[in-house]
Structures are given as structure tokens and as C-alpha cells.
Amino acid sequence: MLPQPAPKPGILARRDAIVAGLRELLPDDGVIAEKLRLKPYETDGLSAYRQVPLAVVLPRTTEEVAAVMAFCHREGVRVVPRGAGTSLSGGALPMADSVVLGLMRMNRITEIDYADRCATVQAGVTNIGITQAVAGEGFFYAPDPSSQLACMIGGNVNMNSGGAHCLRYGVTANNLLGLKVVTVEGEVLEIGGAHLDAAGYDWLGLMTGSEGQLAIVTEVTVRILRAAEGARAMLAAFRSNEVAGACVDSIIGSGIIPVALEFMDRPAIHACEAFAHAGYPLDAEALLIIEVEGSTAEQDFLLDRLKEICARHDPISLKVSTSAEESLAIWKGRKGAFGAVGRISPDYMCMDGTIPTSQLPHVLRRIGEMSESYGLQVANIFHAGDGNLHPLIMFDANDPASFARAEKFGAEILTLCVEVGGCLTGEHGVGVEKRDLMGVQFTETELDQQRRIKSAFDPGWLLNANKVFPLKGLAAE
Amino acid sequence: MMPGSEEGVIEAIRQAHEVGEPLAVAGRGSKQGLLRPVQAARTLSTAGLAGITLYSPSELIISARAGTTLGEIEAAVAAKGQHLVAEPPDFTALFGQSQAQTIGGVVGANLSGPRRVAWGAMRDHVMGVRAVNGMGEAIRSGGRVLKNVTGLDLCKLLTGSHGTLAVLTEVTLKVAPVPEQRATLVLRGLAPGQAVAALSAALGSPYAVSGAAHLPAALAGFVPGIGPGPATLMRLEEFAPSIAYRSERLRADLAGFGAVEVLDDAASRLAWAAVRDCAPFAGMQGAIWRVSVRPSRGPAVAAALEAAFGASWFLDWGGGLVWVAGPATTEAHDAVAAAARAQGGTHTLFRAPETLRAAVAVIPPEPAALAAIAARVKAAFDPRGILNPGRMHAGT
Ligand SMILES: Cc1cc2nc3c(=O)[nH]c(=O)nc-3n(C[C@H](O)[C@H](O)[C@H](O)COP(=O)(O)OP(=O)(O)OC[C@H]3O[C@@H](n4cnc5c(N)ncnc54)[C@H](O)[C@@H]3O)c2cc1C
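Protein chains in written order, with this note's numbering: chain B, 298 to 774; chain G, -7 to 388.
Keep in mind that the hints were calculated from the coordinates and are not lab data.
A virtual CB, placed ideally from N, CA and C, is assigned to each residue, including glycine.
Hints may be right or wrong, so weigh each one.
Claimed, not checked - Which bits of chain G does chain B cover? Going by a derived footprint, with three or more residues having C-beta under 8 Å, they are:
no.	region
1	136 to 144
2	160 to 171
3	263 to 275
4	337 to 347
As the list claims (entries may be wrong) - If you want the ones that stay clear, here's a sample from chain G, every Cβ over 10 Å from chain B, calculated:
no.	residue
5	E3
6	Q7
7	P14
8	A42
9	T45
10	E51
11	A67
12	P81
13	R132
14	A251
15	V252
16	T321
Go ahead and model the full structure; you've got the sequences and the hints to work with.
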């Protein structure tokens, strides 16, 4: 088990009094303290790590969040914010002496303004919920993580989540206008608003991706965009990772930025095809899914150019979708990748480094060698346009040795990502998972700079204190 | 002081930190006229840190030392058919001086042009920074890849912090291919409210409008090919067939607002450069403000300030950016700040004589709880308060 910060003295012993205090602030059903009912909150999307919290609170309003924070601050109780709990880096993993503050009941959309192209929603609204609310008018909320049916905007903000279309539309940070947040002391602050680029420090930018370290987000104002007239995908299969990588370079170099540009290696192709029967060519070493938008004629124009570019790289096959159904089929395999890998292996770990795209062939070769030496299979999915690599490491969680090997394998991949000029995490966050690898990417001076910023918001380190930073200073248990 | 290396910057700041000597932080000084004047005997300039350090067109990434001029970077990427997405403006004429701007200054001030409304601000395209904090420590954030959530995002925090937290020594920017063609749709004679409604309709269309401005009659003549009479401008940047198709679709969609004229590629370049650089105010005396509001509130801000002091104004960012010119008085400034606040937005005193800039809140003060956090964040970078003291707020 992962080391946790030592519980704060006296908190566990005062559990009943703390729970009673919380019950005074929230309606009866807003506080959970029974062992059995705490169980669902012991883990998140990184289910290998588990810890039952002291209590769970489920506020419905910003005022209730503020009351809980003021109370916990006064009592010196640690708080772990939680959205839908889909974090893949253990970002919402509780500590034994912490209160989990769940935002899922704050699920109201408070304003939609089509003329000014923005919407204000509470933190517990799901990502897809925003798009569903505005789709009737032809609008959408752009960042589209694969978890979008479940994950919540407050979690997206805190992870700065991406999606398959962020090559064109950007990640969460590029699609936000304002936040309402509650500080660790229980003060309510408005950051930004419905306007662009507030004067002063970019608090909005700093808070985005801050993984629950700085404040509790209760409300978010997002940009909504009018959807393109249509979209269509094509599939290009190649003989080697090198050739597919060169083709990605040629596409970007041609001046076309597709809305999506996804890469799968041989193991990923096979896993996804077996699962989804998407019609992927099984003799290919690498596959690109390329998507464009616009009117049908505009799509044709772009797809013709893309076909020409791909044709110059000796493809095994090129398949351009001719209909929405065919595009869906092309995407079906890719979107089912996690499920597909879950079917061939009892467990898998989804890594999330970013690399300079030119390093892809080298990095995949090295990952292949590691896979042999660790004796664990791996399938690679890659957001090829922006260099975000997702190796899925397959292991067996019931076998502690297999789990330990998978953890080491993952750490070695991420270290390699940093070595070739990339970073530890492109979109899933540091969480607990990569906490102790931060020293690979940052100097101690740089980590101290970040820690001092956290301290500026949260002097007592009550907010999500077991994440992001190596456990220095918070004596490990 | 103009060190030629990051080590030199570290040394200079270490020494100043030791004795608590305030330093004005600048590139080539093209933005000295922005925000509040800094009280410091010595200036630390990054102009000596010059040169592009990495350019990988197929990875859409360029890195340059902070003192590299914007012109050098723009020329390098243009040679590969690429550009800086945020379209940083050139305010040399506006500030009446001739210094080229450095990329450190452009990032430090988070300056973005008309494309901001559709494609994001400068801060959205800063992928990595190297900087030296107020203790003389080198720090990095981000990197040279397009997607990175590792640790707190200091790239965004330092972008737009005007050298008050750390001195940028190198930045890495995302670049993009230059679209094949441009065109501008022009509607004539609209009142401000109607104009913004037209801009909203265009920006809310599926046609990816990448610029949306409105010029009242008095100012339209300052934009080449636009005047006379009020003009509402919408830009498209696409492959040629899409320009033709989308112009026609927008023309039809906007028919209710009047007849649409279309400017070609060359005319579009000239017109949007003028909007970007705030050309209508370049020759004007007095003070200049930028007000950022919800786009539909832009006309209300303009009307209030016309009534208050006969303000000149025009709108960019679909109505959300109100450029305002007027007398350099505290009364006029207070009216701008009040109008911005009344419409739920913010103001920046952008250009004014030093006396006014020293006397007023050039940007809105933060509420007490946030100001307390801001002071602690400032101390987290610069505990002795030596970097650009007082540049953004009096006394800090
Ligand atoms: C199948 C699957 C697919 C995924 N695909 C993607 C993908 O394509 N792209 C991608 O980027 N991610 C993806 N993820 C990861 C995950 O969905 C995202 O990180 C998501 O943003 C988490 O949202 P959540 O509501 O579940 O937050 P949680 O997991 O509950 O929390 C995430 C972090 O944010 C903090 N937090 C949550 N809400 C708040 C708040 N209101 N205030 C302060 N802090 C808060 C938590 O403490 C935690 O640190 C995927 C996950 C799964 C399981």
C-alpha cells in the first residue's frame, strides 16, 4: 500500500464530535459516517489504492460548502474534494483522517447565454450534461474526456482534462471563463466571470489543473461553442510506427490541423478489433484515426488532401468514411479501448505521459523492450497531434508481484517521457500515482516554489494534502 | 543591467534580494507606459537574452529566450507557414515610441489580438517558461509539449504577471499553420446594439469566425478600407474553398442585419492589423482604457462613457473588449471603472501620463480575501518585494 501522510494528532479520536459538528451544518442526508456507506468513497478510477475516510459530506449549495470548510478549518480537519471519482491518478483518494467533500449534489445549470456563448453550472454537473443542455441550439462544451458521461466539471477543472478533440478545441483551461470557489477558510471568491481575460493575476489559469490543492470549486462558467456542420473520420493503416509517425508530421506540416488525430499500435489495434469489430486491419503495425469537420464538401476537400498525404507513406490501407455510421464504426474501436484491454487482462493501468511527437518511434521501441523485461503486455494509444501517450499496462491485481512490476514499469515509462523532453502527465494529473515521480521532472527548488504557492492558499495543508507533492514535510506513516 | 545569460539574471536578482533593492523589470522597455510606474533606481532588462532556442514546426512548438524580439519570432515561423495564434498586437504607434517588443514582454503582459475571441489568449499558447524568482532561483514550468498538467500551472500565472513574480528568461509557445486565406464580411450602418447582435450571430455560427469588431462612424476611417460610417467586421481564415462557402452562408444568415460586403485577403490583413494594434487611437491625446465585459454588455459600457465624458470607443472580441479613449483625468478614470463594474466586467488603464497612472487603481482592486492570497503568492515568489514593486497595484 501507498504511504499516506500520518493522521493529524487527535483527529481520529475526535471523530464523533467532528461528525456531530458537520451534522449541524448540513441536512441529515448530507453527512455520511457509517462504515458501510463510506465504502463507495474509499477509491476512485485508480482502484488499486483504497482508504476509507473519516466522513463524507454532500453539500447542495456554495453556502453549505463554505460552512463545511470554515468548520474543518477551525477544527484542523483535512478535506479531500471529490467529483465523480473517475480520476485515473488517485486524485480523489481519501486519507483516514479526512472528510471527503463530494460535489455531486451540486448538479444544477444556473445560466445559459447563447448570445454571449457561455454557461454557468455547478461543479457537480457532468461534462456531457453541459453539452446535452445546449445541444438543442446546436452548441456544445468542447473538452470531451472519454469519461464524459460520468466525470463532473469541477473534476475537469481541477484536472484540466482533455479529450480526443483537444487538438482543435483545446483542453479545459482553454474553455473556461470563470469560477466560484470556496477557500480553505470558507470564504467565497469569484474568479473571472462571463468576460475574457480579467485584469490582474491569472487565478483562473492557476486554479485549473490544481488537483484540489488550492480551493473548492463550486461553480464554473464555461465557453460554449456552436458545433460544426458535420464531422467525418478516416482510417489509415501503416507498416511501422516510424512510418505512421512520419505521416503525422506530414499532416501537421501540410497546414491541416484535423479535429482529432489518434494513433494505435499493434497490440491496441488487436485488442480493440477483437472487442469492437470495427474493421481495423490486423496486419497493420500502426493505425491513425483522422477526423475533420465542416460541410460535406469541406470534409471532402480536407479528406482528399489527407488521403494524398497518407498515400505518400506507403499505407497498408486507407479508408475514408462516407457516412456518419461509418465514422462511428471507425471511432468505435478507439473509444472502446479501455473496455477492450479490460477484456484481455484482469487489470490494467492507464499511463499518461506526453512526449515530443518526433520521439514516438523511439519511445514505442523502448516501451516494447520494457514490456519484455517486465513480462507484462502493453497496448499504446496516442493523441498523436499533441504528443499525449496512453500506454495501457496489463497486470493481475490479485498477484502482488504482478502489481508491483506494473507500478515499476509505469514509472519507467514516465521517466522515459521526461528524458525525451516530455512530461509525467498530459491530462490525468499527478494525484497520488505520480506524486513520488515529481522529482524526475522538477528540481527541489521548483517543487518548493509550487509548495509555497499551495501554502499561500492553504497554509495548514488541509486540502488534498496527500497528492501531487512528494510526501516531504508531511511525515509519512 | 542587461545580463546576457540566465546565470546573469540569477546573479543580478540574488544581489538585489540580499540588500532588498527594488528592480524595474523590462525587455526593451516598449511597455513602460503600461499600468503603474515602478519606483526603482535600476532596471533589469532581459533584452540581452536573445535568440530562438528550438523550433519544431511539425510539433507546433517554438522556444525563444525572453529578449528575442517578437519580429524575429514571427519571421521565423512565417518562413515555415506558421504564426502565433494569439495574434499579439504591436502597440509601438499607440505608445508613441519605436522600441521593438520582446517575447518576454508580450508574454509578461498577456497581450492578445482579435483572434483571442475564437482561439484563446497569449496565456493559452504559452506551453513552457523558464524564469528567475525574486530570490534569484531558476524555476521552470510546463515544457516543450502541447499537453502538460504536471504540477501547478505557473505558465499561466506568470503570463500576464508583468514581471512582478519572476523574470521570464525563456518561453515556449504553441504555433499553428497560417490559414490559406482570409476574408472579412462587413455590415454597414448598424447601431452598437445591433452590431453586437450581428457579431454574436456570426460567432455563434458553425463557420469559425476568427475576428469580430465594430467601429462607430467617428473611428471607422482609421481602419484601411472600412470607413466612412459605422462598420461591423467579421473575419474568416480558412482554406480557399471554405472561405467562398462560408462567406456565402454568413451573408445569408446575416441578411436581417443588412447587405454584407466582403473584403478580400489583402484588404482583410490591413483591416485586422489596424484593429489589433488599436490604430484608431494611435494619434489621440489623453488616456486609453480597455474594458473587458460580457460581449452583449459592450454597447452599454460605450454608451455610459459617451455620456460621462464624450468617450471615443470601438469594440473588439465580439463586443467583449471595449477600447476607450478620453481625457487623462481621475474623473474619467473613475467613470470607466464604474461602467466596467456596473456591467460585471473589469477595466485596465492602458495608456496615460504617469501622474494619472500613479494616482488611480489601473486595474480593479481585488476583494480582501483574494488580495490576502495574492500578497502571499507574491511573497512565495518574491519575499522582499523587489520585482517591479507597485506595477499592478499601489503598495505591492
Ligand atoms: C474510463 C475513463 C476514461 C477517461 N478518459 C479521460 C480523458 O479522455 N481525458 C482526461 O483528461 N481524463 C480522462 N479520465 C480521467 C478523469 O475522468 C478526469 O480526470 C476527470 O476530470 C475527473 O473528474 P471527476 O469528476 O471524476 O473528478 P474526481 O476524480 O472526483 O476528482 C479529480 C480531482 O479533482 C479534485 N476535485 C474534484 N472536484 C473538485 C472541486 N469541485 N473542487 C476542488 N477539487 C475538486 C479531486 O480532489 C481530485 O483531485 C478518464 C477516466 C476514466 C475512468
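Would the least Cβ to Cβ distance between P14 of chain G and chain B come out above 10 Å? Label holds. Min Cβ-Cβ 19 Å, cutoff 10 Å.
Looking at T45 of chain G again, its CB stays over 10 Å from all of chain B? Answer for T45 of chain G: holds, closest chain B Cβ roughly 13 Å.
Does R132 of chain G sit more than 10 Å from chain B, CB to CB? Its Cβ does come within 10 Å of chain B, the nearest being 6 Å, so this is violated.
For Q7 of chain G, which was marked as not at the interface, is the minimum beta-carbon distance to chain B over 10 Å? Its Cβ never comes within 10 Å of chain B, the nearest being 18 Å, so this holds.
Given coverage of the region 337 to 347 of chain G by chain B, checked by CB-CB distance under 8 Å (3 or more): holds (count 4)
Would the non-interface assignment of A42 of chain G survive a Cβ cutoff of 10 Å against chain B? Holds, since 23 Å exceeds 10 Å.
Within 8 Å of chain B's CB atoms, at least three CB atoms from the region 136 to 144 of chain G: coverage verdict: Coverage by chain B holds for the region 136 to 144 of chain G (9 residues, Cβ < 8 Å).
Regarding the assertion that V252 of chain G does not contact chain B, is the least Cβ-Cβ distance greater than 10 Å? holds (19 Å)
Non-interface claim for E51 of chain G: all C-beta distances to chain B beyond 10 Å? violated (5 Å)
Can we confirm that no CB of chain B comes within 10 Å of the CB of P81 of chain G? holds (13 Å)
For the region 160 to 171 of chain G, do three or more residues have a beta carbon lying closer than 8 Å to a beta carbon of chain B? holds (count 4)
Would E3 of chain G pass as off the interface with chain B, using Cβ distances and a cut of 10 Å? Correct as stated: the minimum Cβ-Cβ distance to chain B is 16 Å, above 10 Å.
Violated hints for the displayed structure, listed by number in ascending order: 3, 10 and 13.
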